[in-house]
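In the order they appear, the protein sequences are chains A and B. So the numbering used here is basically just the index in the first sequence, starting at one, shifted up by 56. So the numbering used here is basically just the index in the second sequence, starting at one, shifted up by 56.
The hints are simulated quantities; they were obtained by calculation from the structure and are not laboratory data. Any given hint could turn out to be false.
[What the hints assert, rightly or not] Calculated lysine-lysine pairs in the PhoX-like style (CA-CA distance at most 25 Å, straight line): (1) Lys148(A) to Lys187(B); (2) Lys148(A) to Lys155(B); (3) Lys148(B) to Lys148(A); (4) Lys187(B) to Lys155(A); (5) Lys155(A) to Lys148(B); (6) Lys252(B) to Lys252(A); (7) Lys148(B) to Lys122(A); (8) Lys148(A) to Lys187(A); (9) Lys108(A) to Lys187(B); (10) Lys187(B) to Lys105(A); (11) Lys187(A) to Lys105(B); (12) Lys148(B) to Lys187(A); (13) Lys148(A) to Lys122(B).
This one's a predicted model, so the numbers in the text were calculated from it and none came from an experiment.
Letter by letter, the chains look like this.
There are 2 protein chains.
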Amino acid sequence: MIVSKFLVNWILVCKFAHTYFSMTTQQLINQIKIKKSFLCVGLDVDLNKIPKHLFAFEDPIFEFNKAIIDATHDLAVSYKPNTAFYEAYGIKGWISLQKTINYINENYPEIFTIADAKRGDIGNTSSMYAKAFFEDLNFDSVTVAPYMGKDSVEPFLAFQNKHTILLALTSNEGAFDFQTLNVEGTSGEAERSGAKELYKQVLETSKTWKNSGNLMYVIGATKAEYLTEIRKIIPDSFLLVPGVGAQGGSLSEVCKYGMNANVGLLINSSRAIIYASSGNDFAEKAREEALKMQQEMRKILFQV
Amino acid sequence: MIVSKFLVNWILVCKFAHTYFSMTTQQLINQIKIKKSFLCVGLDVDLNKIPKHLFAFEDPIFEFNKAIIDATHDLAVSYKPNTAFYEAYGIKGWISLQKTINYINENYPEIFTIADAKRGDIGNTSSMYAKAFFEDLNFDSVTVAPYMGKDSVEPFLAFQNKHTILLALTSNEGAFDFQTLNVEGTSGEAERSGAKELYKQVLETSKTWKNSGNLMYVIGATKAEYLTEIRKIIPDSFLLVPGVGAQGGSLSEVCKYGMNANVGLLINSSRAIIYASSGNDFAEKAREEALKMQQEMRKILFQV
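So that you can see chain A by itself, here it is in the shape it has in the complex (with noise of 0.2 Å):
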């Protein structure tokens, strides 16, 4: 009986969970409206390089997590935890990501959380890559490789309000190896359209793909200077920009060239804001600088 009623309990709090921290895209836009802030923390924590006091703590990586969190949630839409950043302290650092999430749902569930994972595989597997950030973990949102194309990516869009967030152009070096190649297409679209880049090619046969709608795209804020032209083909999407800061992009090139009427754009900062200070100040100076951040974004929305 108590067991029963235990498993009773556990999936009725599974479907409250699955209810409660699912987010649509016009919850998302009220809060940027609301905070006046498209700024994501990107949440990509390096045991080398948090404050040492933290190391006194059961899960520093949870603890740096829960401070950055508490000190920024009124200047951030979005927190991006980089599971590699996890994943690469096994077992423990797979709990302190469980418990990052559920720290954001419990306290924050206003803010719209991305699993940056860049998973793809094949349909039923990518089933199971949807299962485990937007159920288990609860995710509202997850990046995702194109390579493996349509059946890779449709398990993901299959989620009512979850969104699945594609790699279309990113912000390394290494974007320029195949993502920026011209391509002829082989059929339909891209026959009747011509030779494109990669990337464009992935943003049209993206959109059309089923439950396209729960599609946002990746767009490295180094190559702002494409925003243009990816507007025309996505002009509603939002995109998330990682690059801003660190890697050299401009977030008023960004806005200038990518923002729509709904805003459209979740700027990503990761150590610009994380590791703003080693020192026992760190969550203070993080929020220093999501600070800044949020005043210029509000500066460019207040143009708008």
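Position chain B relative to chain A; hints supplied.
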């Protein structure tokens, strides 16, 4: 004193483990010759598909894997856990994965282990993924997606006697969305050799990366006729070939067009072997299926 002795022991264990559980390509080739097999068994463990009696154990996934491995280790040269199937069960799943790889490394160190994880991200992030799979979990190899280019793959290649299995031409339908589009090169090699399909460009470009000797490639068996062209670009590399069996690829066709002097193939079979029976005899039936594959492989090896 006890603590520091424990620490020293732990460091020694880790060092020993790292030295012991890496594998050169030559060692893999030797194993193929000894076992007369180039079979890789995919451990894509779905709780909905495993025999019900395993739920009596604390960790049904690990018990399933252990039984499959014990029943097939002399017929297979490689095991390939697909990380999605573990991540879908959260921390418990990650523990099952850790126990599975430890079990293989401790009991069958001659086995070539593959983390089918399809990772890939900007440089500092890929370094963390490499650390996760090569150091923390101690796999011999990991599958990596090429979309983000050189600096997303080279951090994996930096590990000596660890292998990076790059997605080139996958076995799913979505492979035709982008991988087979013709690309026009923008510089160097590509310009000289004219337009080619994206997956061929991936093969050619990847050969120029640092430590490219540590590369292997995923080439789907459902596209065996492409192998002649592929072998012109990468004659010596090992190919991990999914899609034989359940996805319709033919073993003899793959060998006819893809085998090289060192065999150069790892043929993966997942569902056809591990779910050969859903009853108490699942391990026995898995062995029967693995034996069928190994006998076919033995026949092909003796023909060559």
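Do the hints match the structure? See the list:
{"no.": "1", "hint": "Lys148(A) to Lys187(B)", "result": "holds, 14 Å"}
{"no.": "2", "hint": "Lys148(A) to Lys155(B)", "result": "holds, 14 Å"}
{"no.": "3", "hint": "Lys148(B) to Lys148(A)", "result": "holds, 12 Å"}
{"no.": "4", "hint": "Lys187(B) to Lys155(A)", "result": "holds, 22 Å"}
{"no.": "5", "hint": "Lys155(A) to Lys148(B)", "result": "holds, 14 Å"}
{"no.": "6", "hint": "Lys252(B) to Lys252(A)", "result": "holds, 15 Å"}
{"no.": "7", "hint": "Lys148(B) to Lys122(A)", "result": "holds, 23 Å"}
{"no.": "8", "hint": "Lys148(A) to Lys187(A)", "result": "holds, 21 Å"}
{"no.": "9", "hint": "Lys108(A) to Lys187(B)", "result": "holds, 22 Å"}
{"no.": "10", "hint": "Lys187(B) to Lys105(A)", "result": "holds, 16 Å"}
{"no.": "11", "hint": "Lys187(A) to Lys105(B)", "result": "holds, 16 Å"}
{"no.": "12", "hint": "Lys148(B) to Lys187(A)", "result": "holds, 14 Å"}
{"no.": "13", "hint": "Lys148(A) to Lys122(B)", "result": "holds, 23 Å"}
Taken one by one, the earlier hints all hold for this structure without exception.
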